[in-house]
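> What follows is each chain in one-letter form.
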Amino acid sequence: VANNSFLTAMGRPNREIVSTSRDSQANLLQSLELTNGEKLNDVLYKGAELWKEKYPSSDVIIQEVFVQTLNRKPSQKEFQIAKAALGDQPETDKIQDLFWAVLLLPEFQLIY
Amino acid sequence: MKNNLNRRDFLKKTSAATIATMGLGSPIAGLFSSCNTRISIPASADTVILLFMAGGMAHTETFDPKKYTPFRKGMESKEVLSTFPSFPTALDGIHFSEGLESIGKIMDKGTLIRSYVAADLGHILHTRHQYHWHTCYEPPQSVVVPHIGSWIAKELGPLNPVIPPFINIGQRFTVGEGEELKAFHSAGFLGSEFGPFLIPDPSTGLESVRPPVGMSTSRFEARNQLYENLVKESAMGEFGSDYQKESLKRSMEQAYMLLNSPEAKAFDLSLEAKESYDMYNTGKFGLGCLLAKRLVDQGARFISVTTEYEPFFGWDTHDNGHTRLKDMKKMIDAPIARLIQDLDESGRLDRTLVIVASEFSRDMLTEGRPELKVLDQVEVPDIIEDMKNYGMHRHFTDGCSILMFGGGVKRGHVYGRTADERPCKTVEKPIKIDSIHQTIYHALGISPDTNYEIEKRPFYTTPDGHGKAELDLLA
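Those protein sequence lines, which keep their order, are chains A and B. Counted from 1, the first sequence has number 97 at position 97 by my numbering; the numbering is strictly sequential. Counted from 1, the second sequence has number 1128 at position 128 by my numbering; the numbering is strictly sequential.
If we strip away everything but chain B, and leave its shape as in the complex, we get (with noise of 0.2 Å):
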């Protein structure tokens, strides 16, 4: 223990010192202190890489295809579940739907859950489920709930001490929603060291982790040289906290660590073979996965690439969503399929769990639930007469599908099933946020009950510690 302390340390002891009886202050007895009795898991994976389709991805128009309608003025409605064609996969009696076939392929390499139940959180809004997706827990909360990538850079740390343990690819949060999307994004009280290190454009990723613009490595060098010789020399260097100095003299050391490491070219994506860049690039998404094969590459931990949510963009397709969904199909289909193949062939997938995964499903007709219908959100009219109403354009949360592979999940497996007739819902082995999150611990050997004493009640990385692993997702 060190001895010195700071002052917020001293603030907290001396308030509760002198006014405990008027029950304000605390000794928070570590804020930190960790009071679980932690069980102990072999892992099989040490990576996640969560491909995250933003914006709600409709389940009958992507992994579980039911029976298409083609478009013909003057359609009813109710009779399209499905708007494209379907194609037979690598496994047995499983269909995508038209445009996945790179991922159709390679599905014998993973798990297909098609029985996703998102939760009822009211009116439908994207970023509180996918706040809900990303921490497990319902909005708003008292305190700022760590993401799940912060919950594991907190428990597992970096797994090369040079590449951030949390790194976030492809999200702005200069677009409508940004300071929703942050809320979420975020280490919450598990400390800002835990926190997502924000990419929001691959193609860039490299500036991030190099010198300032303009600045010559020798001039850098040169920089840090007098700085590490003022910092020998300051007063400070006598008088001040060890946990000041240390702290501040470590972090500067690390980022100075990965500027100047051979491991910061993973960030550069000019140095990617062209054949490879060529396939990975279908824009921003495809060069996230990329981006991010690189880094799994070079020991990241935790990687979340997203296509980006941007309201009525992407996945959020309010209108023409088949034309548009022809669109994202192409965007996801050959990275991913890609990124996979690299892993495999490169041998890391065996310990790089890789999610697909979205905060909803999509409907033509039923918003919310069947049973639990919220406030319809977008006008479907009965008779079809134009194409831009051709598509899922409400909110479906009764039937999504996730995909996952490596890392110990089963190769060649569906769990779970959807009904084939409208609603379109689970029928079969319905899974929800906290079971799945409790999977990808679990992957990791991180204890169910892993828990944090936060403002003097228990804080879990599932609410109350709810959710069980669902060990036949895993070999």
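Next up, chain A with everything else stripped away, as it sits in the complex (with noise of 0.2 Å):
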């Protein structure tokens, strides 16, 4: 795979060199490019386009948003906080953002 701005900046060294250490801590480079990337950006928003097409609501897309990415199902809670922000009828947009939401939650990112 092609190295990009995305993988660089979470931590994929170099060929060239020599490389025997890794982070165990998130930082602003990392955060920035999550945040407004371009790789990451495009990745979600076709991800969000295909999502709109298979599933036919907002209730089912939360439940498998948590599903697939964490394994569990949603709490009461989260459940609620997700419908807030998606509605009734979710605009890709919408489904755009809450992937990016749960991808950026410590519960799925895994740092070492």
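Worth double-checking, as some hints may not be accurate.
Stated by the list, open to error - Once the Cα atoms are required to be at most 20 Å apart in a straight line, the calculated EDC-like pairs of lysine to aspartate or glutamate come out as:
(1) A:K83 x B:E1228
(2) B:K1330 x B:E1079
(3) A:K39 x B:E1428
(4) A:K39 x A:E49
(5) B:K1109 x B:D1046
(6) B:K1274 x B:D1333
(7) A:K73 x B:E1233
(8) B:K1388 x B:D1316
(9) B:K1388 x B:D1327
(10) A:K73 x A:E38
(11) B:K1330 x B:D1046
(12) B:K1265 x B:E1207
(13) B:K1067 x B:D1092
(14) A:K83 x B:E1221
(15) B:K1066 x B:D1344
(16) A:K73 x B:E1207
(17) B:K1067 x B:E1101
(18) A:K77 x B:D1201
(19) A:K77 x B:E1233
(20) A:K83 x B:D1316
(21) A:K54 x A:E64
(22) A:K52 x A:D88
(23) B:K1410 x B:D1327
(24) B:K1388 x B:E1079
(25) A:K39 x B:D1201
Treat the hints as calculated values from the structure; they're not laboratory data. Given the structure is predicted, the values throughout are model-derived calculations rather than measurements.
Taking the hints as your guide, dock the two standalone chains into a single complex.
Encoded structure:
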């Protein structure tokens, strides 16, 4: 896979140099890339378009996002928060933003 | 201390306990446990701007001109020391090469070093020498070595918490030798938190600090609110390690702060007054200097602006040296002079150290240094018939010029001297990269014995802590 700014920010080492340590802390450069990086933004947008076609309602989308990313159902509270953000008839943008918020949860991210 | 272990620490600790006898693991008494006895030095600078003339800037064609020999068909190449006439600068008896008039006028504000001697690294490759200039270590190394900007970011932290402490302007990695360039644009073992914030093109710098293209402010706010609400409710809130939660949350908050801060406007060059913008705008490098000025106004710590290295472009003149240097000088002269003046007028120059440097110099005949010549890379005819052969095309390491302004550096000072005849090598006060680095650290109040234990050996800012700050450069 060709390197890109997303992978670089996430700590993919350069093949030409020896790398013996990995960060165990998140940092500003990573979170900026995650927040406004083109790569992640594009991927999430495309995914959101697919999901909009695939799933009939906000309720199903919320359930599926949690099951597929975190391997569990959302709590009642989480469901309400997500539902408030998505509305009844979710648009692609809203789905994309839900993806983003869930992917950035410390629960989804593994820093090691 | 946090009680929670992350996976990596857990593995390290357990492996150390169980297989220590096999000599494999080690408890790593804190990867970053500093083992130094720091000497405290009063700082004369808070900020550094490094203006890098990537590709090898010939001293005899810029800040250390020698006898001028105009072009004529049939001239002997050995007669040629400088291909430009020179002019007097603001410093008594000091001349610069034609095309650098603006910088010449402001030399009373800084120090001119004419005796930088680059290292012998064998067959000359730009990226190896650039690695050496920026890290002070000779490549290759067994660990990833930090860039000088990363050391400074690590030791001093950001000056303004929302502005990244190490910003690198102007270098793309998609050019030739891109991987080699990446090798020294790294925080290495200090951790990527201290790595360069990369702005390959200053005119699009704003894009790196604003919400994704096409996202409205209200949507950006709503998305962030959604995230925060979910974080609060997440099961991780109960069971996750503080280490991970805190670190991710802190960095997300920092990003949000930067993207929303008034300081982010510093990245937007379109907000600069037109008159000022035009004065800086000689292209990418000039705009990089303008961006550097705007960022320093908002509290940047270390900024590097490069003319950009790309093999056979920029200062990397393997042919047409004379013609191409006219353009290079036009590119740097006005913006560098303007930057120094602007910083001086705003009063920031006193605490901002500006350095103009290159990985090595050039000569028409000598490749390497006179007594230690290395393989010639460029054919130079004995008799010059064609303009394309008129210029400094070989790599010369024995006499290079560096300019320093502000941050405690002497005003109107000249340090060192090169010979007036070929080889135009350093004849007085040779200074090497470790001293240059230590001088910069000294100005910033960073102790010369700063080191970290990396893979069970101390790792210093300069190899084994060698090199002394040259106090003669400082006021």
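> Would you mind marking each hint as holding or not holding in the structure?
Hint-by-hint comparison with the structure:
1. A:K83 x B:E1228: holds (15 Å)
2. B:K1330 x B:E1079: violated (26 Å)
3. A:K39 x B:E1428: violated (53 Å)
4. A:K39 x A:E49: holds (16 Å)
5. B:K1109 x B:D1046: holds (18 Å)
6. B:K1274 x B:D1333: Status holds; Cα separation ~19 Å.
7. A:K73 x B:E1233: With Cα atoms ~13 Å apart, K73 of chain A and E1233 of chain B stay inside 20 Å; holds.
8. B:K1388 x B:D1316: holds (14 Å)
9. B:K1388 x B:D1327: Measuring from Cα to Cα gives roughly 15 Å; hence the hint holds.
10. A:K73 x A:E38: violated (30 Å)
11. B:K1330 x B:D1046: violated (30 Å)
12. B:K1265 x B:E1207: This hinted pair holds, its Cα atoms lying about 11 Å apart.
13. B:K1067 x B:D1092: holds (18 Å)
14. A:K83 x B:E1221: holds (17 Å)
15. B:K1066 x B:D1344: violated (30 Å)
16. A:K73 x B:E1207: violated (37 Å)
17. B:K1067 x B:E1101: Holds: K1067 of chain B and E1101 of chain B sit about 18 Å apart, inside 20 Å.
18. A:K77 x B:D1201: Since the Cα atoms of K77 of chain A and D1201 of chain B sit roughly 44 Å apart, the hinted pair is violated (cutoff 20 Å).
19. A:K77 x B:E1233: holds (7 Å)
20. A:K83 x B:D1316: The hint is violated at about 59 Å.
21. A:K54 x A:E64: holds (11 Å)
22. A:K52 x A:D88: holds (12 Å)
23. B:K1410 x B:D1327: With Cα atoms ~30 Å apart, K1410 of chain B and D1327 of chain B exceed 20 Å; violated.
24. B:K1388 x B:E1079: holds (16 Å)
25. A:K39 x B:D1201: Since the Cα atoms of K39 of chain A and D1201 of chain B sit roughly 18 Å apart, the hinted pair holds (cutoff 20 Å).
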